[in-house]
Amino acid sequence: MRASFSFLGRGSWLASRDPRVPILAGLFFVVGVSQLRDSRQLAIVVALALGYYLTAGIPWRAVRLKWLYLLVVISFFAFFNTLISGGRTSTFSGAETHVLLTIPPFGAEISAEGVSLMLSQILRFAGIASISFPMAYAIAPGDFGVALRRLGLGDRFAVMIDLTIRFIPTLAGEFAETIDAQRVRGYDPTARKGGPISRLRRLAPIFVPVTVGSIAGAEDTIDAMDLRGFGVGRRTWLRHLTFGRVDVALIGLFVLFAVVATFLNVTGRSDHFLLPFLVPGE
Amino acid sequence: MTTMAMGQSEGTWSVTTRVIVYAAIGAALYAVFNFISFGIAVPWSNEVSVRPHYGLLTFFGFAFGPVVGFLTGFVGNVLGDQLSNYGAFTSWQWSVANGLAGLIAGLFPVWMASRMTTVTNRAITAAVGGVVATVIGFLFIFVEVVTQQEMSFNAILTTEYIPVIIVNAIAAAIVTPILVLAWEPLKEQIGR
Numbered sequence: 001m002r003a004s005f006s007f008l009g010r011g012s013w014l015a016s017r018d019p020r021v022p023i024l025a026g027l028f029f030v031v032g033v034s035q036l037r038d039s040r041q042l043a044i045v046v047a048l049a050l051g052y053y054l055t056a057g058i059p060w061r062a063v064r065l066k067w068l069y070l071l072v073v074i075s076f077f078a079f080f081n082t083l084i085s086g087g088r089t090s091t092f093s094g095a096e097t098h099v100l101l102t103i104p105p106f107g108a109e110i111s112a113e114g115v116s117l118m119l120s121q122i123l124r125f126a127g128i129a130s131i132s133f134p135m136a137y138a139i140a141p142g143d144f145g146v147a148l149r150r151l152g153l154g155d156r157f158a159v160m161i162d163l164t165i166r167f168i169p170t171l172a173g174e175f176a177e178t179i180d181a182q183r184v185r186g187y188d189p190t191a192r193k194g195g196p197i198s199r200l201r202r203l204a205p206i207f208v209p210v211t212v213g214s215i216a217g218a219e220d221t222i223d224a225m226d227l228r229g230f231g232v233g234r235r236t237w238l239r240h241l242t243f244g245r246v247d248v249a250l251i252g253l254f255v256l257f258a259v260v261a262t263f264l265n266v267t268g269r270s271d272h273f274l275l276p277f278l279v280p281g282e
Numbered sequence: 283m284t285t286m287a288m289g290q291s292e293g294t295w296s297v298t299t300r301v302i303v304y305a306a307i308g309a310a311l312y313a314v315f316n317f318i319s320f321g322i323a324v325p326w327s328n329e330v331s332v333r334p335h336y337g338l339l340t341f342f343g344f345a346f347g348p349v350v351g352f353l354t355g356f357v358g359n360v361l362g363d364q365l366s367n368y369g370a371f372t373s374w375q376w377s378v379a380n381g382l383a384g385l386i387a388g389l390f391p392v393w394m395a396s397r398m399t400t401v402t403n404r405a406i407t408a409a410v411g412g413v414v415a416t417v418i419g420f421l422f423i424f425v426e427v428v429t430q431q432e433m434s435f436n437a438i439l440t441t442e443y444i445p446v447i448i449v450n451a452i453a454a455a456i457v458t459p460i461l462v463l464a465w466e467p468l469k470e471q472i473g474r
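So the protein lines, in turn, are chains C and Y.
Using the working numbering, read the first sequence as starting at 1 and increasing by one per residue.
Using the working numbering, read the second sequence as starting at 283 and increasing by one per residue.
From the structure, some residues in chain C lie toward chain Y, with a derived Cβ separation under 8 Å: (1) F80; (2) S90; (3) L117; (4) S132; (5) M160; (6) T164; (7) A172; (8) A204; (9) V208; (10) V210; (11) S214; (12) T221; (13) M225.
On the chain C side, residues computed to face chain Y include the following (Cβ under 10 Å): (14) G26; (15) F29; (16) L70; (17) S85; (18) S120.
Hint data in this document are derived by calculation from the structure and do not stem from the laboratory.
Nothing here was measured: the structure is a model prediction, and the numbers come from that model.
Here a beta-carbon is modelled for each residue, glycine too, at the ideal position from N, C-alpha and C.
Chain Y extracted, bound-state conformation (with noise of 0.2 Å):
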């Protein structure tokens, strides 16, 4: 429509007014979503909780790009943890975690991009790239190690970091291609 016509190009890294828009929804979406569902707690671990909307992060990272992926993960878990109970600074090493995952998602159609060339490899690769992102991304989780010294490495590894990964890689496997497929046949409609 009018974005591009004020100047504003749309490269992976861009800040359009689409991403900023993009961004705010996918961080309240998450931030009420969070609200919902929180403290439901991870039998054996800490501090972590059932978050099956997780997929909303991957999904917003893998649809608009990196930097939507990154907002939506970290502006959504300061926003949900406040609306939640937590303050937002208590648990800041999560809100960096969840929008480094989202940020990792959103670069996979980058790297991606010759391979999805139908829906169903969208979605499979959305599904994929999901997983990978919440691997690679809640390791920075382990700045724990530094900024909380009692935690020992083996802790933060046992209760923190594998069980909010399982937790959240199911979710993104599951729910970021639901929304791929549910989004797709949408954007052609609104000419994305």
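Next comes chain C alone, as it looks inside the complex (with noise of 0.2 Å):
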């Protein structure tokens, strides 16, 4: 079983910056699109957060199942919540919709409200996708311990995150083996039949195995840390970070559409905007 992190981006644009850029990219972006409503800037932000995706140099055929996958997942709870609402949310709570469409048998409406907010879901999260990717892919593993360090975590947290990353690959390793040694007595992991319980239980002789001996092994790697005076003093790190010109104009570029993103919210200049050819003649 293989369960690392790849670092598609190698080489790209995006990669070469200091680590720390992709993270708060990502940061103010959630700030800054979390505000907006109105389909159009959106739509805008979107184009822009794909051009800053494309500088990542994600190899597409590796990805295009993860984009497919996302924008299925995407469409599907903002559809859900347009049934659910009728439209009647946010901007347009209390306002009287345009049905377009009654699903039977309950009589859930679609309506031109709701459809306008399904656009602004789907594009607010189509956006934090494209800056999220990034964040996943063109940040070397070994990197993003020094990174969170240097965004001013502490350095045992970070140590913390930088030994998860390390563990994931030996954990899954050990879980195949631990699948391996399961199957020769009996069991059966390709089995999916049944509910929530039912995959419960069969999972429990996989789980409980790896999960106490990955306990039990920790008091090596506890001793080891000890041992060597981990959190007696200060931490050095081997990679030394520094910000150059344009990552500091990038991060500016982020940290600006946060501002411009929150004045509009604060303003009421992004409210949603209902889809005209929706409600012709209004």
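Quick one: dock chain against chain with the hints and give me the complex.
This is the structure we're talking about:
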């Protein structure tokens, strides 16, 4: 079983930036885009976010299924929200809706307002994904810890992130070994029938030994770290990070975006936009 | 072993070497299991997956404290999302909710210390604590009312909160005590 981070953006323009850049970009982008509701503004933001995404040089062939999955999930729950709310939320709450279609047997309504809300929701998620993917693929896994440390996270927590990233492939390997061992005893990991409780019971012979074995093995790591004086004094990091001018400019753009989005939100200039072609004559 | 000799106290909120390593293992396990079983949606819910390994999170909180619980849930969910198609920030509110559930599960042994005199009592408390932590911790997802204003309160309640707490509460109620019962004898052996 392979469970490790793919550095798909290796060698790209974004990957050659300071690893703190994609993290800060993601942070400021989420702050900004969460405040925008107008689908026209969001469409512009998504276009810009896709431009940023392209700088990460992530091969399309490697992530196309991930994009498809993500967009299907996003569309599914945006649609479901539309059915439940009938378009009567946020900007359109309390307003009379323009019903386009009523779905039997419960009479769920698809309204122009609901479709407009759905579009905003999908665009926002697509934008967040466009910024979030490069964070996953354009940062070398070994740089996460030092990047977070230099962003102000404590040494111990930064090391914890580093350790987690290093443990993932190891534990995935142990998991695979445990499955093989249990399979010899008659365990069938491919059986997928049944509800959540059945699945839960089927997984127990796997994750109990993996979990307890990992915890028992942790004592060696703890002793090794303690014997090397971990946590006693200030920790130094082998990798040194320095912001270049381009890094600062890029982060500045994302800060600017967050500020502009906050301004638009606070001044009421980013209310949901009712798609005009859905309500002809108004 | 050597931990206490390094001058690190082991209070509820202390961040010792032990806490760091247990949190890293918990988060890595949670991320790996998230990766493996990700994408099995609960019928009539959105963005909610069957996650039987959720009991790991409440177990790590219960066994090793609130800091380990929070880090296991938060970091484990973030890295699990990274491994399984989503980016880290795409569903950040779910990561925080997982972290809070682990944190609350970690507070139960502190609150209920006097009642956990036997292994059986510990297991029962772990099950109850896991369920309560799930119900409280996942209230955080209602932040979507602010961050995704298209989502109505009813939509979040019916398609996200209720399905996720049902699935996770079942996992917590069953898996957490199983892991507590498996861990207790080992804990004695290694002198914890």
